[in-house]
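Novice: Letter by letter, the chains look like this.
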Amino acid sequence: MKHLLFIFLLMMSCGSYAVDTHQLSDPKQQEAYETLTKELRCLVCQNQTIADSNAELAGDLRRQVYEMLQQGKSRQEIVQFMTDRYGDFVLYKPPFKGKTSLLWIAPVVFLVMGLTIVFFFIRRKKAVANQQSQAGALEIDVEKQKKIRCLLEKGDPS
Amino acid sequence: MLKYIIPLVLFIIMAIFLALGLNLKPSEIPSPLLNKPAPVFSAPKLQTPEEKLSPADLKGRVWLFNVWASWCTSCRAEHPVLNQLAGQHAIEIVGLNYKDDPNDAKNWLNTLGNPYNVSIMDQDGRIGIDYGVYGVPETFVIDKKGLIRYKHTGPVTAEDVQQTFLPLIAKLQAEP
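Those sequence lines, one after another, are chains A and B.
For what it's worth, my numbering labels the leading residue of the first sequence as 1, then goes sequentially.
For what it's worth, my numbering labels the leading residue of the second sequence as 159, then goes sequentially.
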C-alpha cells in the first residue's frame with residue numbers, strides 16, 4: 001500500500017513543474033493566454049501542449065502567443081496564425097472539415113455499430129431462450145399427460 | 159458460414175488499418191505552406207551581419223532554403239550531401255542558421271565546409287516559426303516566382319537529392 005502511494009505521488013509530481021510562463025497585465029488576456037497555450041500542440045513532442053512542453057519550440061510559440069495578445073490580437077487571429085504555418089495539426093481540437101470529417105464521425109459510427117451489434121445479440125439470445133423454455137413447457141405437458149392417462153387407465157395404485 | 163466470415167472480414171479491415179498506421183510517419187507534418195509564397199523576412203547574413211537578405215532578392219531564381227544549426231546532430235549527417243549538391247552548382251543554397259550562436263555556426267562551416275551561397279541568422283527562431291519549422295534540419299525548394307514548391311523534413315540523403323531534388327529543380331528551372 002505504501003509503495004502504491006509512493007508511486008502515485010511520483011506520478012503526480014511529473015506534471016507539476018512549471019515551465020516559463022508569461023504574465024499579462026489584463027486578466028482577460030491572461031486567461032486567453034492560458035487557454036490558447038493549452039489548445040496548441042507542441043510539434044516537437046506532439047503529445048504535449050505548448051503549455052506543458054519544455055521544448056524550445058514550445059517556448060518560442062508561447063512567446064509568440066504572448067506577444068500577439070499584447071498587440072491586441074484576437075484568439076481567432078492567433079489560431080489562424082498558427083494554422084497558416086503549422087496546419088491543423090497544431091490544434092488539439094481540429095476543425096470539422098472534409099479532411100478531418102473521418103476523425104469526428106468515426107467514433108459516432110463505431111458507437112452506433114456497437115450498439116446495433118449488442119441489440120441484435122441480446123434479441124437473438126432472448127429468442128433462443130424463449131424457444132427453449134417453450135419447448136421445455138411442452139415436454140413437461142406431454143409427460144404429465146402421459147402420467148395422467150396412465151393413472152386414469154390403471155387407477156391409483158396407492 | 160457467416161459466423162466465420164464476419165470475424166474474418168473484421169480482422170482484415172483491422173489489419174489494413176494497422177498496416178497503414180505502421181507506414182505513416184507522424185513526425186512528418188504536411189506543410190500548409192506548399193505552393194504559397196515564401197514568408198517574407200529580412201535577416202542579417204551570418205558572415206556579414208551588416209548586410210541583410212530577403213526572399214525578394216532571390217526572385218527569378220530557383221533556390222533551396224535549408225534550416226540548419228551547429229547544435230543539430232542530424233545536420234551533421236546531412237552536411238556532406240549538401241556539400242556535394244553545392245559542388246554540382248545545380249541550385250543556389252541559402253542557409254537559415256536557426257537559433258544558433260554565430261561563432262559556433264562560423265566554426266562549423268569552417269571545419270565541415272560551406273555549401274551555402276549565403277546563410278542568414280535567425281537567433282530567436284522567428285523566421286523559423288514563419289516557415290513552420292519544428293525540427294532541424296528542414297529544406298524548402300522555392301521557385302522563380304517565390305513560391306514554396308517542396309518541403310523536406312529531416313536530413314536530406316544522397317538518395318533524396320537524386321530522386322526528388324534534382325528532378326524537381328530541373329523542372330522548376332525550366333518554368334518561366
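It is worth saying that the hints were derived from the structure and are not from the lab.
For clarity, every value in this text was computed on a predicted model and none was experimentally measured.
Every residue gets a Cβ at the ideal spot worked out from N, C-alpha and C, and that includes glycine.
Be a bit skeptical, because a hint or two may be false.
[What the hints assert, rightly or not] Pairs of lysine-lysine residues, derived as DSS-like cross-links and limited to a Cα-Cα distance of at most 25 Å, are as follows:
hint : chain 1 : residue 1 : chain 2 : residue 2
1    : A       : Lys99     : B       : Lys309
2    : A       : Lys73     : A       : Lys38
3    : A       : Lys99     : B       : Lys161
4    : B       : Lys329    : B       : Lys210
5    : A       : Lys73     : B       : Lys302
6    : A       : Lys99     : B       : Lys183
7    : A       : Lys126    : B       : Lys161
8    : B       : Lys210    : B       : Lys303
9    : B       : Lys161    : B       : Lys183
10   : B       : Lys161    : A       : Lys125
11   : B       : Lys264    : B       : Lys194
[What the hints assert, rightly or not] Counterexamples of contact, computed for chain B against chain A with all Cβ distances above 12 Å:
hint : residue
12   : Pro188
13   : Ser189
14   : Lys194
15   : Pro197
16   : Asn241
17   : Glu250
18   : Lys257
19   : Asp288
20   : Val291
21   : Ala316
Novice: Run every hint past the structure and note whether it holds.
Specialist: For each hint, the structure was consulted:
| no. | hint | result |
| --- | --- | --- |
| 1 | A:Lys99 with B:Lys309 | holds (20 Å) |
| 2 | A:Lys73 with A:Lys38 | holds (18 Å) |
| 3 | A:Lys99 with B:Lys161 | violated (35 Å) |
| 4 | B:Lys329 with B:Lys210 | violated (29 Å) |
| 5 | A:Lys73 with B:Lys302 | violated (33 Å) |
| 6 | A:Lys99 with B:Lys183 | holds (17 Å) |
| 7 | A:Lys126 with B:Lys161 | holds (19 Å) |
| 8 | B:Lys210 with B:Lys303 | holds (20 Å) |
| 9 | B:Lys161 with B:Lys183 | violated (36 Å) |
| 10 | B:Lys161 with A:Lys125 | holds (15 Å) |
| 11 | B:Lys264 with B:Lys194 | violated (31 Å) |
| 12 | Pro188 | violated (6 Å) |
| 13 | Ser189 | violated (7 Å) |
| 14 | Lys194 | violated (9 Å) |
| 15 | Pro197 | violated (8 Å) |
| 16 | Asn241 | holds (27 Å) |
| 17 | Glu250 | holds (24 Å) |
| 18 | Lys257 | violated (7 Å) |
| 19 | Asp288 | violated (6 Å) |
| 20 | Val291 | violated (8 Å) |
| 21 | Ala316 | holds (26 Å) |
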